[in-house]
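Go ahead and model the full structure; you've got the sequences and the hints to work with.
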Amino acid sequence: MREAFSRLISEIRAGKFVYTGEISPGKTTRIETLVEYAKALGRHVVACNVTDNPRARANMGSLAASIAIQERAGVEAICQMTARDRNRLAITSDLLGASALGIRNVLVMSGDHPSLGDNPSAMPVYDLDSAQMVELVRRMVDDGTDLAGNRIEGEVRIHVGVTGNPNADPLEVEIAKLERKARLGAEFVQTQAVFDIEAAEGFLEAAGGFGIPILIGILPCKSLRIAEQIAKNVPGIRIPEEYLERLRAAEGLPDQASREERVDIINEEYFSGMIAELRRTSRLAGAHIMGVAYGRIVGRISGGVERKEISRAW
Amino acid sequence: MIITKKKTFETINESLKPFRKVFIVGCGTCSTVCQTGGEAQVKELAERIGGKCAGYTVVESPCDMRVLRRDLAPRRAEVDSADAIVTLCCGAGAQSTADLTGKVVVPGLDTLFIGKIERIGSFYERCRACTDCIILETGGICPYSRCAKGLLNGPCGGQVQGKCEVGGYQRDCAWVLAYNALKRQGRIEDFKKYRPPADRSRKPQEIVTR
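Quick note, the sequences are listed as chains A and B, same order. All residue numbers for the first sequence refer to the numbering used here, where the first residue is 1 and numbers rise by one. All residue numbers for the second sequence refer to the numbering used here, where the first residue is 1 and numbers rise by one.
Simulated from the structure, these hints should not be mistaken for laboratory data. There could be a bad hint or two in this list.
[Said to hold, decoys possible] Chain B regions said to be covered by chain A (calculated; three or more residues, Cβ under 8 angstroms):
no.: 1; region: 146-154
no.: 2; region: 157-166
no.: 3; region: 181-194
[To be verified] Only pairs whose alpha carbons sit at most 16 angstroms apart, straight line, appear in this in silico EDC-like list of lysine to aspartate or glutamate:
no.: 4; chain 1: B; residue 1: Lys6; chain 2: B; residue 2: Glu44
no.: 5; chain 1: B; residue 1: Lys163; chain 2: A; residue 2: Asp169
no.: 6; chain 1: B; residue 1: Lys192; chain 2: A; residue 2: Glu172
no.: 7; chain 1: B; residue 1: Lys203; chain 2: A; residue 2: Asp127
no.: 8; chain 1: B; residue 1: Lys193; chain 2: A; residue 2: Glu179
Note that this is a predicted model, so its numbers are computed, not measured. For each residue, glycine too, the CB sits at the ideal point set by N, CA and C.
In C-alpha cells form, the structure reads like this:
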C-alpha cells in the first residue's frame, strides 16, 4: 500500500468515519473571508474541498485558495482540479506546485462546460479527461514522471480522488466509469449531493466492490428556497417530498431566529439519520458536506450521527 | 459533407462596398447539397447585387484546384474584370479560389462542420478530423465531435437521462449512446477500457506525396 500523505487518507485507512466540507472561492481578491470560513469549518472536518470554478465561472483559483486555507487557517485542503481550463502542461505544473507547497489531496473532474458559465465563449480545453488526470497523478507519484515519461526531480506527494453521481441515470454507465477510475488508481470518491437514501444505497452497493473509499455527498439546505432552487436547477437530483415538507412547515414560524433554528434541526435530523442508516447498511468511508454559507450545520450533523450511533450501541 | 451556412446578405453587401465589380463562385458539391452555394443561391446573390456582378458560375468542387482551374477557365474574362470574388463554398474552396486567382475573396458562407445530412435543414456534426479514428471501440459514435467536451473516457457528470448539459439537455450524450451501442453489440468491455490521452498537438496538416 502507498504511503499516506494526508490526514484525510490516514484517517480513512485507520477506519475513522471522516467528514469533509467545501469552500467555494468567489470572483474576489478578498481571501480573508475564505480563511475565516475555513477556520470555522475546520473544527468539524478532516479536510475541506476547494472548488475549481464551479459552473464554469472564473473565480479565484482553487490552488491558490487551497494553499491559503492550509497555511492561514490550518485546514487540510482537497484541491479540486478540472480538465476544463488547462491542458496537460498546465495541470502537470499545478500538481508539481501543489505538492511542493504542501497540498496532499486533489479531486479531479472534467468540470462544467464553459458554455454554462460566465465567460461562455471561452475555449473548452479538456486536453485530458478525469480518468486521464488520475493516470497523470499516478505516474507523477508512483513513477516520478509526467505523462510523456519525462523525469521529475523530487517526490510528488499527492492523493487523487474522483467524483461519482448516485443520482446518475442510467446508473450502470456511471458505475462502469467509476470502475475504470478505480482500476487506474483513484484513492477516494466524493459523490454529488444526494438527498434520496435509496439512490445513495443503490450507488454504494454497485460501487462497493471497487475497493475505493466512498464519501457520500450531502447538501443541507439553509432554506426552502435554496432546496427548491436545487431541485429546479440541478438536473437529475431528486429531493424527497418529506424533506421539502418539513422545510415548508418551518417557513410558517413567526421570527427569523426560530425559523433558522428549526431548519438547522431539520437538517441535523434528516442528514444524520441518513448517514447513520447508510453506515449501517453499506460500506461508507465518510460524508462530504456541501452547503452554501452554511458551515455551522456540519458539526451538528456529525454530532447527530454520533449520538444516534451511541444510542443504538446501548 | 462540409456543412455551411449563408452569411446574411447585409454582411456580404457591406463587405462588397469597396469593390466595383465582383464575380461569384458557387460549389457543385457540398454547398449545393446544403442549398447554400448551388445554382439557385448563386443566381439569387447575383440578382441582389445587380450591376456590381461581373458574372457567376458554380464550380463542381472549388476545393479541388484542378476542377477550379477547369471550370473558371471559360470565365477568365469576367473573373479578370472583377476586383473581388464572392465564394459560396466552404473555407477550403474559398482559399483555393484565392490561391488560383490572386483576387480578394469575400467569403459568402460560414463553414460549420463535417456532418451527416438527414434532410435539408437537418445537419449533424459527425467528424472533427482528429487524425486517429476510434469509433470501432466507441460503438460507432465519435466522441471528439459528439461529446461537448471531447472526452475519451466519458460520460461526464453533466448527462441526465442520456441528454447533454450543453445546449439544455436537447442533444444525446455521446457516451451514453456509445455505452448502449456497445452493450447491444456485446462489446461492453470496449466501453470499460481506459483510453489514454490522445495526441492533440494538431499542427497544420499538409500531405505531399513525392
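* Any hints from earlier that this structure breaks? Give me their numbers in increasing order, please. => As far as the earlier hints go, not one is violated by this structure.
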